[in-house]
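Engineer: Starting from the given sequences, assemble the full structure and let the hints guide the process.
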Amino acid sequence: MKKRIFTVRNKAGIHCRPSSVILNTINKEFPYHKFTVETSDGQNTELNSILTLISLGLTVGSKAILRAEGPDEEKAIQRIGDLFEYEFDFPPR
125 MKKRIFTVRN
135 KAGIHCRPSS
145 VILNTINKEF
155 PYHKFTVETS
165 DGQNTELNSI
175 LTLISLGLTV
185 GSKAILRAEG
195 PDEEKAIQRI
205 GDLFEYEFDF
215 PPR
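For what it's worth, the working numbering labels the leading residue of the sequence shown as 125, then goes sequentially.
Hints listed in this document are in silico derivations from the structure and should not be mistaken for laboratory results. Some clues are possibly wrong.
Quick list of simulated restraints, FRET-style, between CB atoms [said to hold, decoys possible]: (1) Glu-170 - Lys-199: 28 to 34 Å; (2) Ala-136 - Ser-173: 18 to 24 Å; (3) Asp-165 - Cys-140: 20 to 26 Å; (4) Lys-152 - Ile-189: 22 to 28 Å; (5) Ile-189 - Pro-215: 30 to 36 Å.
With a straight-line Cα cutoff of 25 Å, these simulated SDA-like cross-link-like pairs (lysine to any residue) come out [to be verified]: (6) Lys-199 - Pro-215; (7) Lys-135 - Asn-172; (8) Lys-126 - Asp-165; (9) Lys-187 - Ser-144; (10) Lys-135 - Ile-174; (11) Lys-187 - Leu-207; (12) Lys-127 - Phe-214; (13) Lys-199 - Ser-173; (14) Lys-135 - Tyr-156; (15) Lys-126 - Glu-198; (16) Lys-126 - Ser-179; (17) Lys-126 - Asp-213; (18) Lys-127 - Glu-209; (19) Lys-152 - Arg-191; (20) Lys-199 - Glu-170; (21) Lys-199 - Asn-172; (22) Lys-135 - Phe-214; (23) Lys-152 - Ile-129; (24) Lys-152 - Glu-170; (25) Lys-126 - Lys-199; (26) Lys-127 - Glu-193.
From the three backbone atoms N, C-alpha and C, an ideal C-beta is built for every residue, glycine too.
Structural biologist: Structural data, given as C-alpha coordinates:
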(Lines of atoms letter the chains of each structure in order from A and count residues from 1; the text may use other names and numbers.)
(Lines give C-alpha, C1' and ligand atoms only; values in the text may rest on other atoms or scores of the structure.)
Protein backbone atom coordinates (compact mmCIF):
# COMPACT_ATOMS: atom_id res chain seq x y z
CA MET A 1 0.00 0.00 0.00
CA LYS A 2 1.25 3.47 -0.91
CA LYS A 3 0.16 6.65 0.82
CA ARG A 4 0.45 10.33 0.06
CA ILE A 5 -0.49 13.45 1.98
CA PHE A 6 -2.18 16.01 -0.24
CA THR A 7 -3.50 19.55 0.12
CA VAL A 8 -6.62 20.62 -1.77
CA ARG A 9 -5.80 23.61 -3.96
CA ASN A 10 -9.08 24.04 -5.82
CA LYS A 11 -10.67 27.34 -4.72
CA ALA A 12 -14.12 25.75 -4.34
CA GLY A 13 -12.79 22.58 -2.70
CA ILE A 14 -13.70 19.09 -3.87
CA HIS A 15 -17.29 19.55 -4.99
CA CYS A 16 -19.37 17.65 -7.60
CA ARG A 17 -17.35 18.39 -10.72
CA PRO A 18 -13.86 17.70 -9.33
CA SER A 19 -15.26 14.60 -7.60
CA SER A 20 -16.56 13.40 -10.94
CA VAL A 21 -13.15 13.90 -12.60
CA ILE A 22 -11.39 12.04 -9.77
CA LEU A 23 -13.80 9.09 -9.72
CA ASN A 24 -13.92 8.80 -13.53
CA THR A 25 -10.11 8.71 -13.61
CA ILE A 26 -10.06 5.99 -10.95
CA ASN A 27 -12.61 3.91 -12.86
CA LYS A 28 -10.89 4.32 -16.24
CA GLU A 29 -7.20 4.20 -15.36
CA PHE A 30 -7.07 2.17 -12.14
CA PRO A 31 -10.01 -0.27 -12.11
CA TYR A 32 -8.08 -2.86 -10.07
CA HIS A 33 -7.03 -0.48 -7.32
CA LYS A 34 -8.60 0.47 -4.00
CA PHE A 35 -8.32 4.09 -2.88
CA THR A 36 -9.11 5.48 0.56
CA VAL A 37 -8.92 8.99 1.98
CA GLU A 38 -8.42 9.89 5.62
CA THR A 39 -9.11 13.49 6.61
CA SER A 40 -7.40 15.42 9.38
CA ASP A 41 -10.49 15.02 11.60
CA GLY A 42 -10.34 11.21 11.33
CA GLN A 43 -12.95 10.51 8.64
CA ASN A 44 -11.87 7.53 6.58
CA THR A 45 -13.67 6.46 3.42
CA GLU A 46 -13.14 4.39 0.32
CA LEU A 47 -13.31 6.35 -2.94
CA ASN A 48 -16.08 4.50 -4.70
CA SER A 49 -18.73 7.17 -5.24
CA ILE A 50 -19.02 10.90 -5.76
CA LEU A 51 -21.23 11.25 -2.69
CA THR A 52 -18.70 9.64 -0.36
CA LEU A 53 -16.00 11.93 -1.70
CA ILE A 54 -18.15 15.06 -1.36
CA SER A 55 -19.20 14.03 2.16
CA LEU A 56 -15.59 14.42 3.32
CA GLY A 57 -16.04 18.20 3.05
CA LEU A 58 -12.61 18.87 1.56
CA THR A 59 -12.23 22.62 1.16
CA VAL A 60 -9.32 24.66 -0.16
CA GLY A 61 -6.34 24.11 2.12
CA SER A 62 -7.64 20.82 3.54
CA LYS A 63 -4.97 18.20 4.07
CA ALA A 64 -5.71 14.49 3.92
CA ILE A 65 -4.02 11.15 3.36
CA LEU A 66 -4.65 9.22 0.15
CA ARG A 67 -3.93 5.48 0.19
CA ALA A 68 -3.78 3.23 -2.87
CA GLU A 69 -3.63 -0.55 -3.10
CA GLY A 70 -3.27 -2.43 -6.36
CA PRO A 71 -0.94 -3.62 -9.09
CA ASP A 72 0.47 -0.16 -10.01
CA GLU A 73 0.32 1.71 -6.71
CA GLU A 74 3.09 4.19 -7.47
CA LYS A 75 1.47 5.45 -10.67
CA ALA A 76 -2.00 5.38 -9.08
CA ILE A 77 -1.05 7.39 -5.99
CA GLN A 78 0.76 9.97 -8.11
CA ARG A 79 -2.07 10.43 -10.65
CA ILE A 80 -4.98 10.57 -8.19
CA GLY A 81 -3.02 12.62 -5.63
CA ASP A 82 -2.24 15.14 -8.36
CA LEU A 83 -5.97 15.47 -9.12
CA PHE A 84 -6.71 16.31 -5.48
CA GLU A 85 -4.04 19.03 -5.64
CA TYR A 86 -5.11 20.34 -9.06
CA GLU A 87 -6.82 23.73 -9.31
CA PHE A 88 -9.78 22.94 -11.55
CA ASP A 89 -10.96 25.70 -13.85
CA PHE A 90 -14.23 24.51 -15.30
CA PRO A 91 -15.85 26.63 -18.00
CA PRO A 92 -19.05 28.39 -16.93
CA ARG A 93 -22.23 26.49 -17.68
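Engineer: Does each hint fit the structure? Answer for all of them.
Structural biologist: Hints and how they fare:
no., hint, result
1, Glu-170 - Lys-199: 28 to 34 Å, "violated, 19 Å"
2, Ala-136 - Ser-173: 18 to 24 Å, "holds, 20 Å"
3, Asp-165 - Cys-140: 20 to 26 Å, "holds, 22 Å"
4, Lys-152 - Ile-189: 22 to 28 Å, "holds, 23 Å"
5, Ile-189 - Pro-215: 30 to 36 Å, "holds, 31 Å"
6, Lys-199 - Pro-215, "violated, 28 Å"
7, Lys-135 - Asn-172, "holds, 23 Å"
8, Lys-126 - Asp-165, "holds, 21 Å"
9, Lys-187 - Ser-144, "holds, 20 Å"
10, Lys-135 - Ile-174, "holds, 18 Å"
11, Lys-187 - Leu-207, "holds, 14 Å"
12, Lys-127 - Phe-214, "violated, 28 Å"
13, Lys-199 - Ser-173, "holds, 21 Å"
14, Lys-135 - Tyr-156, "violated, 31 Å"
15, Lys-126 - Glu-198, "holds, 7 Å"
16, Lys-126 - Ser-179, "holds, 23 Å"
17, Lys-126 - Asp-213, "violated, 28 Å"
18, Lys-127 - Glu-209, "holds, 15 Å"
19, Lys-152 - Arg-191, "holds, 18 Å"
20, Lys-199 - Glu-170, "holds, 18 Å"
21, Lys-199 - Asn-172, "holds, 19 Å"
22, Lys-135 - Phe-214, "holds, 12 Å"
23, Lys-152 - Ile-129, "holds, 23 Å"
24, Lys-152 - Glu-170, "holds, 17 Å"
25, Lys-126 - Lys-199, "holds, 10 Å"
26, Lys-127 - Glu-193, "holds, 9 Å"
Violated hints, in rising order: 1, 6, 12, 14, 17; the structure is consistent with all others.
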